[in-house]
Amino acid sequence: MKLWNVVSPLILVGLLLVGLLAPRSATGQVGSVFLTPWGDPDLQGIWVGSTLTPLERPARYEGREFLTAEEIAELESRAVNEDTRLLERPAELTTAGGSVDWRADGTPGFYNNFWLDGGTAWSSSRRTSLIVDPPNGRIPYTADVRHDRPHGMGPWHSNLDLDTGERCLGDGLPQIWFGYNPNHQIFQTPQHIVIVHEMFNQRRVIPLDGRPSTNIPRWNGEPRGRWEGDTLVVESSEFADRPDNYRWSSTWRRPTSTLHMVERFTRIDVETIDYEATITDPVRFTEPWIVRFPLSTDQSERGVAQGELFEFACHEGNYAIANILRGARQEEIQEAGKANR
Amino acid sequence: MLTFSYRGRFSRIHRALTALLMMVTLGSVSTASQTTTTPMTSWGDPDLQGQWNSQTSIPLERPLEGPLAEKESLTLEEAATLEADNRARYDLPPREGNPGTYNAFWRDFGNPLARTSLIIDPPDGRIPPLTPEGQARLDAEAANRSTRGPRDSPDTYSDLSNWTRCISRSWNGIGSWYSSNYQIFQTPGYVVVFQELIHEARIIPLDGRPSVSESIPLWMGDSRGHWEGKTLVVETTNFDRKTNFRGSRDTLHLTERYTRVDEDTLNYRFTVRDPQTFSRDWSVVRPMTRIDIAERRSIFEYACHEGNYGMTGILAGARAEERAEQTR
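Chains as they are written, first to last, in the working numbering: chain A, 994 to 1334; chain B, 913 to 1240.
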């Protein structure tokens, strides 16, 4: 029997009680049955955001907001089969220069499936993108920003040419990256929310007491939280704007002084938080845009690794940055040799 | 960096610390924790929450010479004078030929403690002798290091500490001379201790779950907490062997005790157990005082090497010294 079958009758009873008793119902919303001992909606737990649904609507789904249940079943089944194939693939002996991840075109490949934790589940909304507004499911970049220099093309003159994620500084907010470590642990006190992101070991301390802004810029902005009915609303501004020597892997997540972000967390059932972020930055976007997706405590339902959060080891034990720079120098030497011939 | 007026709080904190240190000295902290003033959470646990600072000029070990030698306690007047003298000293110009270090502006105001060492056990206030095994290990490390030049002349960034490299301070019970700030959050089932230094959060489950496998070493170690009366007791193991607390590495078994003494005071003690490194257990007290955003004291993002060139400056300096040696 699924947990939900046990819990749902309890929720019904709870809803009735809350409807009768809870002061929060003054907002007109149904009170949450998941309450902390001090009466706030309870968002605590380890939440996973993994999903097959892309952030932006891919060209192949243009004009389509939703997929059919059959299409999703097919996509999920394909993901499960691919995971299974990679898992059951016999182990191969690897040697320097002969890695199994070496591609046919001579490039060095990418993480194999062991490292990735992207999940096997499409978002329950059946949407073709996590972006719900604008209706075309695409980020509404201004013309200038859309034609920014593409990421990942070099030149690799120094460590400063690598993006902030590669440099272990973080990728910006909101933390949406489903490749690996897509987990978030939420803690609550009457005065604060603390969100620990497994990715980059980042944590956000969000005061709920309405204190004024310090006007001190920070990498992840300065968050202020409040309850609106059963929804935690977190507004962040005062993002550190450091254009020099910091490149961001995603233009849309780069912190800027003009960025304003409003996030909403609503616990809708025992396993689910409805998460929504509205991103406003008149310099980069022609209009505010909204990304929405459910976070789940049920790791198995998302097809990801199960358990608690561990420390994020960014470049520990690997030599990627040194090798990227060394490779670039090697290419320069080869180019110079060609020119001299 | 924080600027604030210390004067208004001084007498209040002073009184609390006087009472606390008397109790610590008399070994009767457990009775102190039973005062009726201990704040409680709404779910009935002792409330340790808030932002706390543990800065003090009192050294970890009792000095062998000077005004702190050969006695256990100070008067509070002596302790306050020590703090004031140190602050004045930070602003003195450096010796000739020395580039100097951070001045008083960068340093936290210290809590005056009526002790001559933070170590309360053994009674001599000193870290106990190393075991032969521990000594041999540290000697081997030092020998390995010395083949690459003197200790203050690193060959490469990996010769510098995990802290200087902005990787981790690991569990850090004795703060530093700045940013010795901690913010504690509690929920039913967890305590989170957030360290301002390198902005690291320790997540401490209280539900009695077993430790993670020995094969998982962690920078912060693996912590488990439980309540003993009004005291939060945290046991931590699974430290990564690259961590280093006074020579103790992956074999460190740490026991910490957090006791809220009154509104503004958190007594913090810890015991180091590592029979492979130290000949006996040893214990430290470092009480914390509450800091308050209303007094313009708060925790901000820790900027480790942002906007400075310390790391490249250190390495460039070491290379310049080597060239100067060769020329001679």
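Be careful, since some hints might not be right.
If you want the ones that stay clear, here's a sample from chain A, every Cβ over 10 Å from chain B, calculated [to be verified]:
no.	residue
1	Pro1030
2	Glu1049
3	Ile1065
4	Gln1184
5	Thr1207
6	Trp1212
7	Glu1294
8	Glu1301
9	Glu1304
Simulated restraints on C-beta separations [stated by the list, open to error]:
no.	chain 1	residue 1	chain 2	residue 2	range
10	B	Pro1035	A	Gly1300	25 to 31 Å
11	A	Gly1320	B	Trp1075	28 to 34 Å
12	B	Tyr1014	A	Glu1328	42 to 48 Å
13	B	Tyr1221	A	Asp1126	56 to 62 Å
14	B	Arg1057	A	Tyr1054	57 to 63 Å
15	B	Ile1226	A	Arg1053	41 to 47 Å
16	A	Val1255	B	Glu1045	53 to 59 Å
17	A	Arg1131	B	Ala1016	37 to 43 Å
18	A	Lys1331	B	Asp1051	21 to 27 Å
19	B	Gly1229	A	Gly1320	28 to 34 Å
20	B	Trp1089	A	Gly1203	29 to 35 Å
21	B	Asp959	A	Ala1052	32 to 38 Å
Keep in mind the hints are simulated off the structure, nothing from the lab. Just so you know, even glycine gets a beta-carbon here, dropped at the ideal spot from N, CA and C.
Right, here's what the structure says about each hint:
1. Pro1030: Non-interface label fails for A/Pro1030: nearest chain B Cβ at 4 Å, not farther than 10 Å.
2. Glu1049: Check passes; 30 Å lies beyond 10 Å.
3. Ile1065: holds, 35 Å
4. Gln1184: About 8 Å separates A/Gln1184 from the closest Cβ of chain B, which leaves it inside 10 Å; violated.
5. Thr1207: violated, 8 Å
6. Trp1212: Its Cβ does come within 10 Å of chain B, the nearest being 6 Å, so this is violated.
7. Glu1294: holds, 22 Å
8. Glu1301: Label violated. Min Cβ-Cβ 8 Å, cutoff 10 Å.
9. Glu1304: violated, 5 Å
10. B/Pro1035 with A/Gly1300: 25 to 31 Å: violated, 44 Å
11. A/Gly1320 with B/Trp1075: 28 to 34 Å: holds, 31 Å
12. B/Tyr1014 with A/Glu1328: 42 to 48 Å: Holds: the Cβ-Cβ distance is about 46 Å, inside 42 to 48 Å.
13. B/Tyr1221 with A/Asp1126: 56 to 62 Å: violated, 45 Å
14. B/Arg1057 with A/Tyr1054: 57 to 63 Å: Holds: the Cβ-Cβ distance is about 59 Å, inside 57 to 63 Å.
15. B/Ile1226 with A/Arg1053: 41 to 47 Å: violated, 54 Å
16. A/Val1255 with B/Glu1045: 53 to 59 Å: holds, 57 Å
17. A/Arg1131 with B/Ala1016: 37 to 43 Å: Since A/Arg1131 and B/Ala1016 have Cβ atoms about 54 Å apart, the given range 37 to 43 Å is violated.
18. A/Lys1331 with B/Asp1051: 21 to 27 Å: The hint (21 to 27 Å, Cβ to Cβ) is violated, given that A/Lys1331 and B/Asp1051 are roughly 53 Å apart.
19. B/Gly1229 with A/Gly1320: 28 to 34 Å: Roughly 30 Å apart at Cβ, these two residues keep to the hinted range, so it holds.
20. B/Trp1089 with A/Gly1203: 29 to 35 Å: Since the Cβ atoms of B/Trp1089 and A/Gly1203 sit about 34 Å apart, the hinted range of 29 to 35 Å holds.
21. B/Asp959 with A/Ala1052: 32 to 38 Å: violated, 55 Å
In this structure, the earlier hints numbered 1, 4, 5, 6, 8, 9, 10, 13, 15, 17, 18 and 21 are contradicted, and the remaining ones agree with it.
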